[in-house]
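J.: These protein sequence lines map, in sequence, to chains L and R.
So the first sequence is numbered by our numbering: it starts at 1 and just counts up by one.
So the second sequence is numbered by our numbering: it starts at 1 and just counts up by one.
Don't read these hints as lab results, they were simulated from the structure.
Predicted model only: the values in this text are computed from it and were never measured.
Each residue gets a CB set at the ideal place from its N, CA and C atoms; glycine is no exception.
Some hints here could point you the wrong way.
Unchecked claim - Beyond 12 Å from chain L on every Cβ pair, some chain R residues (computed):
no., residue
1, E56
2, I89
3, Q91
4, A92
5, Q93
6, F101
7, G113
8, S154
9, P155
10, D156
11, I171
12, D174
13, K182
14, E201
15, E220
16, R226
Said to hold, decoys possible - Cross-link-like lysine to aspartate or glutamate pairs, in silico, EDC-like; alpha carbons within 16 Å at most:
no., chain 1, residue 1, chain 2, residue 2
17, L, K280, R, D174
18, L, K132, R, E124
19, L, K342, R, D176
20, R, K222, L, D339
21, R, K74, L, D269
22, L, K280, R, E124
23, R, K50, L, D131
24, L, K280, R, D198
25, R, K222, L, E35
26, R, K222, L, E419
27, R, K50, L, D140
28, R, K218, L, D339
29, R, K84, R, D197
30, L, K132, R, E56
31, R, K119, L, D371
32, R, K119, L, D140
33, L, K394, R, D121
34, R, K205, L, E391
35, L, K332, R, E220
36, R, K84, R, E211
37, R, K210, L, E391
38, L, K394, R, E204
39, R, K222, L, D390
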Amino acid sequence: MTSPAKPDALSRRRFLGGAAIAGAGLAGAGSARAEAGKPDPLITEVQDWSRYLGEGVDKRPYGTPSRFEKHVMRRDVSWLTASPESSVNFTPLHELDGIITPSGLCFERHHGGIADIEPASHRLMIHGLVDKPLVFTMEDLKRMPRQNRIYFLECAANSGMEWRGAQLNGCQFTHGMVHNVMYTGVPLKLLLAEAGVKTNAKWLLLEGADSSGMNRSLPLEKALDDVLIAFAMNGEALRPEQGYPLRAVIPGWEGNLWVKWLRRIEVGDQPWQAREETSKYTDLLADGRSRRFTFFMDAKSVVTNPSPQAPLKQKGRNVLSGLAWSGRGTIKRVDVTLDGGKNWQHARIDGPVLDKSLTRFYVDFDWTGQDLLIQSRAMDSTGYVQPTKDELRKVRGTNSIYHNNGIQTWHVKANGETENVEIG
Amino acid sequence: MSRSVNPILLAGLAAVAVLAAAPLIAQTKPAAKPAHPPAKIAPAAAPVAKLGLGREALPEEIKAWDIAVRPDGKGLPPGKGTVKQGDEIFQAQCASCHGEFGQGNNRWPVLAGGMGSLKSDRPEKTIGSFWPDLSTVFDYVRRAMPYGNAQSLSPDELYAVTAYLLYLNDIVKDEDFELSDKNFTSVKLPNAAAFYDDDRETTEKAFWGKEPCMTNCKPEVKITGRAVILDVTPDSKTAPKVD
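Let the sequences and hints guide you as you build the complete structure.
T.: Spelled out as structure tokens, the structure:
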């Protein structure tokens, strides 16, 4: 782009180059492996990708990952739910690094399938205890002052299958109902100000336009604090499975509140006791009673590598990597143990440490081939220390389903195989 | 229009002032705290000026979308239906997933039974055993059921199906019982009193403020459970090779 092209000379050189490799034969075309002491043919021989032209600029008008990354995908656990339209799949945390989840890998949870909505046909209504009920189009919303914020979204049921003991082998399945993206949206308080909230208002009802009409009650106080009504994630329009064209962003609070395909906000003076805040997303305790409106996602962490789907492959130098987050603030510290909790060390946090965002940590270590029992323990800016699973069970029993933020243990065996275990 | 333009201009100017002020503060005193913290210039703290975007929602539009029903009966449409009528609707529209008696086919939700199971190892959370409010049944069925054909039942059908679900849970015993917007809020569900608001900050206070042990924290460690015993992980793989 910076220097003028010479189309004739360029194309002739490329043509000649191509002809030359065809004549040179196929020896060592990429398949040979380096052997000790012998030169690596991947270095000594010219590879196809170094000789032949690659695909041109318009081959992928919307880019997708390399064909060698096809294994990096969301996965579901088919026995969990009755139908794929009311189900969940999981983010492949063990394949990711940094703190931002690629949009196409953000776990999905739907209650009535993915609504297919043309933005021009979408409306957001605000009504109830307001001075003036309003209807907004997407165009209206995009004319309002907007903010960019990075937040994690964790399903309250993340790790919910592990209450009674180690069950699933893979952090994708034990911890993959979390993702972290940058949202662009309008602060809800601006929208509410447009309608004029009456003084007796205390709660909002958020409702989706999907075929489940997903509805949750939200305290007005939270709405006036940091809730966003978002139309973009990671710089582009929301993905359909993440609520295109409009979703609620409720920082630090359980994912079920983040209503997708958001069409209606009703202002009221009490909660609605919707199905998703009574029958579901309440925490049944050992005494048979249940907590409700358990909004905050407490501090939690998990080692993503090594983990059952990402075993150790090499002795010697290795990188242990993981994620920590808290719905109550920022991550202050992450400790890691390799011996099942006898001794701990501070993990190295790298990358941005943001409020209510995933935070990346590392331990660079040498592995001699001994068994490892790996755990991580997060501490947040409120002084909360991530509890063990047994500490949680002691105060909650094993019937809670939701809000399992207990410390995860991975057992790395001598062959590198890594397993989800519990220790005592 | 001119009255609504001025606040926007003012808000815009305030935002510019903040943008200009922030880097200045950061540059003059990068590390040390200023002796007098700069006054917060936060437009958000001031009353938010209206932008004049969006249009007024019409009563017909609000009525069409406002389908939520609250425990106090707010949102209930006029209508009525009996257990018997509900039985018919349920068998035709609901039983293929939820079973003839709400027992749940395959992994579809169980709607009835489970009384007294909440403290057991396998609690069965049904409308009768767990749900606190009848309005939730009406609200949920109205917006989300039948699965794949949502918002297709009439108010009378909704009352009838709700009445049948009460019957399946032995909360009403009479097949001729008629539920309506008049008597709806008089029906109470058995587990209503067993819910309370989040109290983690008091009951789980011990999780805050600890200084966790770092060295020689326990003499021995035993593996007490393994996921591999259950073998329910999708695409389980065999042991990898280690170089």
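J.: All the hints need checking, so say for each whether the structure fits it.
T.: Hint check results:
The Cβ of R:E56 sits about 6 Å from the closest Cβ of chain L, inside the 12 Å cut-off, so the non-interface label is violated. No Cβ of chain L comes within 12 Å of the Cβ of R:I89; the nearest lies about 19 Å off, and the non-interface call holds. The Cβ of R:Q91 sits about 19 Å from the closest Cβ of chain L, beyond the 12 Å cut-off, so the non-interface label holds. Here R:A92 stays apart from chain L, with its beta-carbon at least about 19 Å from theirs, past the 12 Å limit.
The non-interface label for R:Q93 is consistent with chain L: the shortest C-beta to C-beta separation is roughly 15 Å, beyond 12 Å. Look at R:F101: its CB is around 18 Å from the nearest CB on chain L, clear of 12 Å, so calling it non-interface holds up. Against chain L, the non-interface label of R:G113 holds: every CB pair exceeds 12 Å, the least being about 15 Å. Annotated as non-interface, R:S154 keeps its C-beta farther than 12 Å from every C-beta of chain L; the closest such distance is 17 Å.
Non-interface call for R:P155 relative to chain L: holds, since the shortest CB-CB distance, roughly 16 Å, exceeds 12 Å. With a closest Cβ-Cβ approach of about 20 Å to chain L, R:D156 is found to remain outside the 12 Å limit, as its non-interface label requires. With a least beta-carbon separation of about 15 Å from chain L, R:I171 lies farther than 12 Å from that chain, consistent with its non-interface assignment. Every C-beta of chain L lies more than 12 Å from that of R:D174, the closest at about 25 Å, which supports listing it as non-interface.
The claim that R:K182 is not at the interface with chain L holds, since no C-beta of that chain comes within 12 Å of its own (minimum 21 Å). Not every Cβ of chain L is farther than 12 Å from the Cβ of R:E201; the closest lies at roughly 9 Å, contradicting the non-interface assignment. Non-interface status of R:E220 relative to chain L is broken: a Cβ of that chain comes within 12 Å, the nearest being about 8 Å off. A cut-off of 12 Å between C-beta atoms contradicts the statement that R:R226 is not in contact with chain L; the least separation is 5 Å.
Restraint check: the Cα-Cα separation between L:K280 and R:D174 comes to about 29 Å, which exceeds 16 Å; the hinted pair is violated. The straight-line distance between the Cα atoms of L:K132 and R:E124 is roughly 44 Å, outside the 16 Å bound, and the hint therefore fails. Proximity of L:K342 to R:D176 is assessed by CA-CA distance (about 66 Å); at most 16 Å being required, the pair is judged violated. With a CA separation close to 11 Å, the supplied pair R:K222 and L:D339 stays within the 16 Å bound.
For the hint linking R:K74 to L:D269, the alpha-carbon distance of about 11 Å falls within 16 Å, and the restraint holds. Between the alpha carbons of L:K280 and R:E124 the distance comes to roughly 12 Å, so the proposed pair stays at or under 16 Å and holds. For the given pair, R:K50 sits about 13 Å from L:D131 by alpha-carbon distance, which is consistent with the 16 Å threshold. Among the hinted pairs, L:K280 with R:D198 is consistent with the structure: their alpha-carbon atoms are about 15 Å apart, no more than 16 Å.
At roughly 41 Å between alpha-carbon atoms, R:K222 and L:E35 are farther apart than 16 Å, so this suggested pair is violated. A C-alpha spacing of about 14 Å is found between R:K222 and L:E419, which places the hinted pair at or below 16 Å, so the restraint holds. About 13 Å separates the Cα atoms of R:K50 and L:D140, which keeps this hinted pair within 16 Å; it holds. Among the hinted pairs, R:K218 with L:D339 is consistent with the structure: their alpha-carbon atoms are about 10 Å apart, no more than 16 Å.
With a C-alpha separation of about 37 Å, the suggested pair R:K84 and R:D197 falls outside the 16 Å cut-off, and the hint is violated. At most 16 Å may separate the alpha-carbon atoms for a hinted pair to count; L:K132 and R:E56 meet this at roughly 7 Å. Taken as a hint, the R:K119 and L:D371 pair is broken in the structure, with Cα atoms around 38 Å apart against an allowance of 16 Å. Our distance criterion of 16 Å between C-alpha atoms is broken by R:K119 and L:D140, whose separation comes to about 50 Å.
About 15 Å separates the Cα atoms of L:K394 and R:D121, which keeps this hinted pair within 16 Å; it holds. A distance of roughly 12 Å separates the Cα atoms of R:K205 and L:E391; the hinted pair therefore holds under the 16 Å criterion. For the suggested pair L:K332 and R:E220, the alpha carbons sit about 29 Å apart, so the restraint of at most 16 Å is broken. The straight-line distance between the Cα atoms of R:K84 and R:E211 is roughly 62 Å, outside the 16 Å bound, and the hint therefore fails.
Between R:K210 and L:E391, the direct Cα distance comes to roughly 13 Å. Compliance with the 16 Å bound is thereby established for this hinted pair. Only pairs whose Cα atoms come within 16 Å are accepted, and L:K394 paired with R:E204 is accepted, the gap being roughly 11 Å. With a CA separation close to 14 Å, the supplied pair R:K222 and L:D390 stays within the 16 Å bound.
In this structure, the earlier hints numbered 1, 14, 15, 16, 17, 18, 19, 25, 29, 31, 32, 35, 36 are contradicted, and the remaining ones agree with it.
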